[in-house]
Amino acid sequence: MSLAKRLAAHGFPALTGLLLFLGAPALSAEEPERLRLLLPPLSTPDKVYARFQPLAGHLEKALGVPVKARVAGDLESLLRLARQDRPQIVYLCPLVYARLGDEGALRPLVRIERQGKDTFRSVVVVRKGSPYQELEELKGARFAYGDPVCAASRLVPKTMFAEAGIRPHRDFFEERTLGSNENALYAVAADLFDATAVDESAAHPFLEKGVLRALGYSRPIPQYLLAASAGLSDSFRKRLVQALTGLRRPQATAILRAIGPNVNGFSPTSDDDYDELRSMERRHGSPDIPLNLLNPSERPSGTRGR
Numbered sequence: 152m153s154l155a156k157r158l159a160a161h162g163f164p165a166l167t168g169l170l171l172f173l174g175a176p177a178l179s180a181e182e183p184e185r186l187r188l189l190l191p192p193l194s195t196p197d198k199v200y201a202r203f204q205p206l207a208g209h210l211e212k213a214l215g216v217p218v219k220a221r222v223a224g225d226l227e228s229l230l231r232l233a234r235q236d237r238p239q240i241v242y243l244c245p246l247v248y249a250r251l252g253d254e255g256a257l258r259p260l261v262r263i264e265r266q267g268k269d270t271f272r273s274v275v276v277v278r279k280g281s282p283y284q285e286l287e288e289l290k291g292a293r294f295a296y297g298d299p300v301c302a303a304s305r306l307v308p309k310t311m312f313a314e315a316g317i318r319p320h321r322d323f324f325e326e327r328t329l330g331s332n333e334n335a336l337y338a339v340a341a342d343l344f345d346a347t348a349v350d351e352s353a354a355h356p357f358l359e360k361g362v363l364r365a366l367g368y369s370r371p372i373p374q375y376l377l378a379a380s381a382g383l384s385d386s387f388r389k390r391l392v393q394a395l396t397g398l399r400r401p402q403a404t405a406i407l408r409a410i411g412p413n414v415n416g417f418s419p420t421s422d423d424d425y426d427e428l429r430s431m432e433r434r435h436g437s438p439d440i441p442l443n444l445l446n447p448s449e450r451p452s453g454t455r456g457r
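Just so we're aligned, residue 152 is where the sequence shown starts under the numbering used here, counting upward by one.
FYI, nobody ran anything at the bench for these hints, they're computed from the structure. Hints are not guaranteed to be accurate.
Said to hold, decoys possible - Here are the computed lysine-lysine pairs in the DSS-like style, where the Cα-Cα straight-line distance is at most 27 Å:
id	residue 1	residue 2
1	LYS389	LYS268
2	LYS212	LYS389
3	LYS389	LYS219
4	LYS279	LYS290
5	LYS290	LYS268
Said to hold, decoys possible - Simulated DEER-style distance windows between Cβ atoms:
id	residue 1	residue 2	range
6	ALA381	ALA409	37 to 45 Å
7	LYS389	ALA365	35 to 43 Å
8	GLY208	LEU343	41 to 49 Å
9	GLY215	LEU343	51 to 59 Å
10	ALA365	LYS212	38 to 46 Å
11	GLU184	HIS320	49 to 57 Å
12	ALA381	TYR200	21 to 29 Å
13	GLU288	THR404	42 to 50 Å
14	TYR368	THR404	24 to 32 Å
15	GLN204	ARG400	13 to 21 Å
16	GLU285	GLN402	42 to 50 Å
17	GLY208	ARG237	18 to 26 Å
Remember, predicted model here, so these are calculated numbers, not experimental data. Virtual Cβ for every residue (Gly too), placed ideally from N, Cα, C.
Let the hints inform the model, and build the full structure from the sequences given.
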């Protein structure tokens, strides 16, 4: 509760009016008294918290309400907490948002911009000296999936394979999920697998150094986003969007750099932007993937091609 409201509750209306006149922050009936910034387990909790604490501080100052960052322990916890009916904003990969958005728990606010783009591409990569030159040639290959939760390393490449006439479970000699994009990239670099698919930004260092080579790129897909509880008022959502889209380099370099080295801002987004991912999932997705597979702390699992 704001200072002005506490004073009013204890019978000091004149002082309350003075505080409001002087510009003391006060919450309207449509505004929450506090806000949670819910974050996925992208890395260890302390690292994720450190990345987003500057953003939480910015929002607290811009909105005039306390903003508390919380890192979910695993995907199951993230989904459970994201579905709670409480004032919060949640940082999500586009595929997980599409599922939660369909449930009506969240509404999108903004998506992240990296190097001026609010979309990403999935890229299929092989070793620099690999004999594979086209996606269609990957039949019989050993393929490593990275992070199975989000679109860039599983759903989008499966769509690419379908368009190239490849049926992974039948046409790959081996498939294995390694739990993270970094694991998959290093495994291909070490010749433990023939190919993998990841977000273009994750592959960039390996491509730049000439360790790996791009075999094919997907069409643009919406970036990670911040979504808000469905129960938040439209007026407060508008303030959230303004506070987020107002973050630009060089003024907000420290906040944006903490989130990621190539992050340069946020752009507004809508639920319709994720319809293509929903279409991909209907055609090529695996909605029955068990949560223990999606948990980054679990051991990798694999299947032999058949």
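task: Go ahead and decide if the range 13 to 21 Å is satisfied by the Cβ distance of GLN204 to ARG400.
output: holds (19 Å)
message: Need the status of pair LYS212, LYS389: alpha-carbon distance at most 27 Å?
response: holds (16 Å)
task: With 37 to 45 Å as the target window, see if ALA381 and ALA409 comply at their CB atoms.
output: The hint (37 to 45 Å, Cβ to Cβ) is violated, given that ALA381 and ALA409 are roughly 28 Å apart.
- prompt: Is the gap between the beta carbons of GLU184 and HIS320 within 49 to 57 Å?
  reply: For HIS320 against GLU184, whose Cβ atoms are near 51 Å apart, the range 49 to 57 Å holds.
task: Using the beta carbons of ALA381 and TYR200, state whether their distance is inside 21 to 29 Å or not.
output: Holds - the Cβ-Cβ distance for ALA381 and TYR200, about 25 Å, lies within 21 to 29 Å.
field: LYS290 paired with LYS268 [C-alpha distance capped at 27 Å]
entry: violated (33 Å)
- prompt: Are LYS279 and LYS290 close enough, with their CA atoms no more than 27 Å apart?
  reply: holds (18 Å)
Assessment of proposed distance window 51 to 59 Å (beta carbons of GLY215, LEU343): holds (52 Å)
message: Between the beta carbons of GLU288 and THR404, is the distance compatible with 42 to 50 Å?
response: About 43 Å separates the Cβ atoms of GLU288 and THR404, which means 42 to 50 Å holds.
field: Hint check for LEU343 and GLY208 - Cβ pair distance inside 41 to 49 Å
entry: Holds, since GLY208 and LEU343 (Cβ atoms, about 42 Å apart) stay within the stated range.
message: Just to be careful, I want the Cα atoms of LYS389 and LYS268 compared with a cutoff of 27 Å; is the pair within it?
response: Given that 27 Å is the threshold and the Cα spacing comes to 22 Å, the pair holds.
message: Given a hint of 24 to 32 Å, does the C-beta separation of TYR368 and THR404 actually sit inside it?
response: holds (29 Å)
Of the numbered hints stated above, those contradicted by the structure are hints 5, 6, listed in ascending order.
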